[in-house]
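Spelled out, the chains give:
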Amino acid sequence: SQQGEEDPQALSIQEGENATMNCSYKTSINNLQWYRQNSGRGLVHLILIRSNEREKHSGRLRVTLDTSKKSSSLLITASRAADTASYFCATDTNAGKSTFGDGTTLTVKP
Amino acid sequence: DTEVTQTPKHLVMGMTNKKSLKCEQHMGHRAMYWYKQKAKKPPELMFVYSYEKLSINESVPSRFSPECPNSSLLNLHLHALQPEDSALYLCASSQDSAGAIPQHFGDGTRLSIL
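So the protein lines, in turn, are chains A and B.
Be aware that the first sequence starts at 6, since it is given in the numbering used here, and climbs by one per residue.
Be aware that the second sequence starts at 10, since it is given in the numbering used here, and climbs by one per residue.
Simulated from the structure, these hints should not be mistaken for lab results.
Check before you lean on any hint, since a few could be wrong.
[Said to hold, decoys possible] Derived, one-sided and incomplete: chain B residues facing chain A with beta-carbon distance under 8 Å:
1. Pro51
2. Ala96
3. Leu99
4. Gln112
5. Gly115
6. Asp116
7. Gly117
[Claimed, not checked] Here are the in silico distance ranges between beta carbons for each label pair:
8. A:Thr25 - B:His88: 44 to 50 Å
9. B:Leu63 - A:Thr112: 46 to 52 Å
10. A:Glu22 - B:Asn79: 44 to 50 Å
[Said to hold, decoys possible] Lysine-lysine pairs mimicking DSS-like chemistry, simulated, CA-CA at most 27 Å apart:
11. B:Lys49 - A:Lys114
12. A:Lys102 - B:Lys62
13. A:Lys31 - B:Lys27
14. B:Lys27 - B:Lys62
15. B:Lys47 - A:Lys114
16. A:Lys114 - B:Lys31
17. A:Lys74 - B:Lys62
18. A:Lys75 - B:Lys28
19. B:Lys47 - A:Lys102
20. B:Lys45 - B:Lys62
21. B:Lys49 - B:Lys18
22. A:Lys31 - B:Lys49
23. A:Lys102 - A:Lys114
24. B:Lys45 - B:Lys31
25. A:Lys31 - B:Lys31
26. A:Lys102 - B:Lys31
27. A:Lys102 - B:Lys45
28. B:Lys62 - B:Lys18
29. B:Lys45 - B:Lys28
30. A:Lys31 - B:Lys28
31. B:Lys50 - A:Lys114
32. A:Lys75 - A:Lys61
33. A:Lys75 - B:Lys49
34. A:Lys31 - B:Lys45
35. A:Lys102 - B:Lys50
Here a beta-carbon is modelled for each residue, glycine too, at the ideal position from N, C-alpha and C.
Turn these sequences into a full structure, and let the hints steer you where they fit.
Below is the structure:
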């Protein structure tokens, strides 16, 4: 089974609104990463949060991690049409191996 | 443009053909990865090379054969594939495979098996 499960599976919002997507995982992790994938392209690394961190920011992105609940959230503020993509969380439990969640498909309408 | 280059971008092959996918990076990364991604699914890890040695093989069928000729190149040799092998094949690299390291992805090769 997937280490990471994300919800919602799909999210549609208007430009300027905030988008929140969640990732839950089953086993203890060393760190958690978020990636974006535009249609027909490879994945782009967005942000990494370590297991001893609770929150990280990068531009319009805010990631939280709750290891007691085995969950993470990605918040995109003031969304833009260019944010339309699939977003994946990836957990690292063993060296060199990342397991990806099922992903959230975000559509931002102009 | 991505820093990991994959060729070809598209490949159509019959089940009896032999072909190879190629991946190249010049970032000095010492870990390289192959993933398989089906439509609307997450990437699934296939192989990991660390310092040019195969370190992880996720029980991939032998019709997929990886090769790492040097630290910048990664190949995936294909032979006698099945229709269910049609997918996007992604290559990635990272500074090393010690974890907590972001991976840099290419744009993939879209493979169709007839």
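How the hints compare with the structure:
no., hint, in the structure
1, Pro51, "holds (4 Å)"
2, Ala96, "violated (13 Å)"
3, Leu99, "holds (6 Å)"
4, Gln112, "holds (7 Å)"
5, Gly115, "holds (5 Å)"
6, Asp116, "holds (5 Å)"
7, Gly117, "holds (6 Å)"
8, A:Thr25 - B:His88: 44 to 50 Å, "holds (45 Å)"
9, B:Leu63 - A:Thr112: 46 to 52 Å, "violated (39 Å)"
10, A:Glu22 - B:Asn79: 44 to 50 Å, "holds (48 Å)"
11, B:Lys49 - A:Lys114, "holds (20 Å)"
12, A:Lys102 - B:Lys62, "holds (15 Å)"
13, A:Lys31 - B:Lys27, "violated (39 Å)"
14, B:Lys27 - B:Lys62, "holds (23 Å)"
15, B:Lys47 - A:Lys114, "holds (26 Å)"
16, A:Lys114 - B:Lys31, "violated (37 Å)"
17, A:Lys74 - B:Lys62, "violated (37 Å)"
18, A:Lys75 - B:Lys28, "violated (42 Å)"
19, B:Lys47 - A:Lys102, "holds (19 Å)"
20, B:Lys45 - B:Lys62, "holds (20 Å)"
21, B:Lys49 - B:Lys18, "holds (19 Å)"
22, A:Lys31 - B:Lys49, "holds (22 Å)"
23, A:Lys102 - A:Lys114, "violated (35 Å)"
24, B:Lys45 - B:Lys31, "holds (14 Å)"
25, A:Lys31 - B:Lys31, "violated (34 Å)"
26, A:Lys102 - B:Lys31, "holds (21 Å)"
27, A:Lys102 - B:Lys45, "holds (14 Å)"
28, B:Lys62 - B:Lys18, "holds (26 Å)"
29, B:Lys45 - B:Lys28, "holds (16 Å)"
30, A:Lys31 - B:Lys28, "violated (38 Å)"
31, B:Lys50 - A:Lys114, "holds (23 Å)"
32, A:Lys75 - A:Lys61, "holds (16 Å)"
33, A:Lys75 - B:Lys49, "holds (24 Å)"
34, A:Lys31 - B:Lys45, "holds (22 Å)"
35, A:Lys102 - B:Lys50, "holds (18 Å)"
Consistency with the previously given hints fails for numbers 2, 9, 13, 16, 17, 18, 23, 25 and 30, ordered from lowest to highest.
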